[in-house]
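Kindly produce the complete structure, drawing on both the sequences and the hints.
There are 2 protein chains.
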Amino acid sequence: MIAEEYKKMLGEKSVIRQLSEYAAERAEEIGYENVFDYSLGNPSVPVPQVFTDVLVELATRDDPGSVHGYSPSLGIASVREKIAASLKERFGLDYEKEHIFMTSGAAGAIAHALRAVTVSGDEVITFAPYFPEYNPYVNKTGAVLKIVPPDTEGFQINFAAFEKMFSSKVMAVIVNTPNNPTGIAYSSATIKKLARFLEEKEREYGHDIHLISDEPYREIVFENVDAPYVAGYYHNAITCYSFSKSLSLPGERIGYVAVNPACRDAKLIIEMCGQISRGIGHNCPPSIIQLAVAEVADLTADLSVYETNMNILYRELTGLGFSCVKPGGTFYMFPKALEEDAVAFCKRALKYDLILVPADSFGCPGYFRMAYCIPTEKVERSLAAFRKLAADYK
Amino acid sequence: MIAEEYKKMLGEKSVIRQLSEYAAERAEEIGYENVFDYSLGNPSVPVPQVFTDVLVELATRDDPGSVHGYSPSLGIASVREKIAASLKERFGLDYEKEHIFMTSGAAGAIAHALRAVTVSGDEVITFAPYFPEYNPYVNKTGAVLKIVPPDTEGFQINFAAFEKMFSSKVMAVIVNTPNNPTGIAYSSATIKKLARFLEEKEREYGHDIHLISDEPYREIVFENVDAPYVAGYYHNAITCYSFSKSLSLPGERIGYVAVNPACRDAKLIIEMCGQISRGIGHNCPPSIIQLAVAEVADLTADLSVYETNMNILYRELTGLGFSCVKPGGTFYMFPKALEEDAVAFCKRALKYDLILVPADSFGCPGYFRMAYCIPTEKVERSLAAFRKLAADYK
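So the sequence lines, in the order shown, correspond to chains A and B.
In terms of the working numbering, the first sequence opens at residue 1 and continues consecutively.
In terms of the working numbering, the second sequence opens at residue 1 and continues consecutively.
Just so you know, not all the hints are guaranteed correct.
Because identical chains share one entry, a pair is satisfied inside a single copy or across any pair of copies.
Keeping only pairs whose Cα atoms sit at most 16 Å apart, straight-line, the calculated EDC-like set for lysine to aspartate or glutamate is [what the hints assert, rightly or not]:
#1 Lys7 x Glu271
#2 Lys267 x Glu4
#3 Lys140 x Glu5
#4 Lys8 x Glu271
#5 Lys8 x Asp265
#6 Lys146 x Glu163
#7 Lys378 x Glu316
#8 Lys7 x Asp265
Derived by calculation from the structure, the hints in this document are not laboratory data.
Written out as structure tokens, the structure is:
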């Protein structure tokens, strides 16, 4: 019988996809270089040459069976060891292979983590603005996702609202720092306060509360920004990482779950992830991609262009009267629209071939997201369009 | 809250894994070349050189963004087109891009297909001996997997038992031909009979019944064997393919769902697959692997060694008194054990460093599986061990 739940999901076409389809059509008319497409979080800098070299070396090995052969369901042992060693070295936590599970990007990591630590009837909390795909990940476990309204002052955490929403049903909290869509990194103070609160609640309710840290932008942090490693502050932390942004390979779908070794069920959660994969027929990421990222786990692409772009746009937009919290990382910024209805605002922006994303679907109406992972010269050419757009509101 | 359902699954360690762990330990003692490991379905022949060449060409392109960038959730359009064209050319069905969904191997394909066409309370039927991982794929949709007892005469279909088991609750039937673990291909007569039966039942019950055809071994068919393309015989057929065996890259987790264009909901099922992926955070297989297999969709590794090995083993084992239906493809064979309890038999085989898999977990007690995807010279060296084993039963 056709599964109606999935059939229904088809009706809800995402705003971002609609915008990017519009951008593609417009590009056919006026050339893609003249469409200022700030809609897509697709990294604009190339993968590091060393990644390419490693990939070629692996592909051309004498013993292809060892490269293209089955991976164990938790990931290739040597890969998990290298990632654990890299995390241990960088962040000082006692990670070992047994704390690492290889996944299909951060998406796969979060979906696995949620299935491991929540069951039907549980609640999961996250903070607006938030990545809307958390909804299907949470819903499919039978749990319910609750959204804390945004702290629009600084896009840290609205603790008053969070504490009010919290109950004994909450088994997991999802944070995303540096954040998509705001570009803001949670400060040490924010993370400490969150960790202390969760510890208190664990004692009060007598059960574990897992902190799922979604951090594909961990390596894109700007100068002098306080952006600490979340798991360093909380024992029951599950880090969900993707190499998509740090290595500029979002299409290769590679990441991991790393459970804080101090977490009581750390090794159990990792082993459960392997069982969770069985039900979805996913098993594990491709062997050659696992082997390749393990060799460059400590490297990144040249990510400096994102800070350059941010500085140009932040200066220009705030100069034009936009209200915007300065990003601490990622390749996103999150200004307030110049009218209350951000959808209408972004529609108007299309007049000037500016593709901006209204933040309604991120749970933060009135704002818009800009993904400035585009060439700097294009950012500069787009400034005139922003000036015209702002002039419309004078 | 820790999800007990996954925790419990951990207790059920697979026999195959235990055997392969034993084989690894024994290999440390006496050298791997002296362990006759027939337990694992890991292809023994190298990937075709042209696959490696394509992979290197992709990895070293000037425009890495186009290779490593996001894939649409249904798969890269050009890849889906090439696969559709290849299937159309080879099997004469009117496949187009819209009938193809790229997956993480056949496992991902089957799990997606089942989620698309069954819901909680439905029944799914398959035929013993069968691949035990069908259980988690089916269970996670809320449906129930029913197993038709084997036709041990020829390992075709036990139609008498199948027809008796059938009811209006059955929404999908899974076939696997050429078959793991028997090595047998369903004949045209078998598939025709199955298709006619399902068509009758569709009319009788007034609803669609989907035939999920799991065919990772489609390209490994021996000389003069009648092994037709399943979807050519039935309109509501969903083909689940993997390149693992044909191209010798099981670790790269790449395959597809192809829905028969004659299926009423063909395009809908494919679009639903994209939504199903959202819930599990999987999205799509890696871009570079998709792009690479699309270039070699019509090629295979040199698979001739499997038939060579089969002929040597079939001659020797039947000569020793084993009862065995001659395989028509794959790299498996499925003899009857020399005592009633195949687990005891396989345990005895370990005395001679023969690693054989008892077929109890495939739903066919009393038989054992041999995966002869090992070098021919090793097959030959193993014959003396089989002779000693058989002598124990004289």
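Comparing the hints with the structure gives:
no., hint, result
1, Lys7 x Glu271, "between (32 Å within a copy, 8 Å between copies)"
2, Lys267 x Glu4, "between (37 Å within a copy, 15 Å between copies)"
3, Lys140 x Glu5, "both (11 Å within a copy, 14 Å between copies)"
4, Lys8 x Glu271, "between (33 Å within a copy, 11 Å between copies)"
5, Lys8 x Asp265, "between (37 Å within a copy, 14 Å between copies)"
6, Lys146 x Glu163, "within (12 Å within a copy, 48 Å between copies)"
7, Lys378 x Glu316, "within (14 Å within a copy, 71 Å between copies)"
8, Lys7 x Asp265, "between (37 Å within a copy, 11 Å between copies)"
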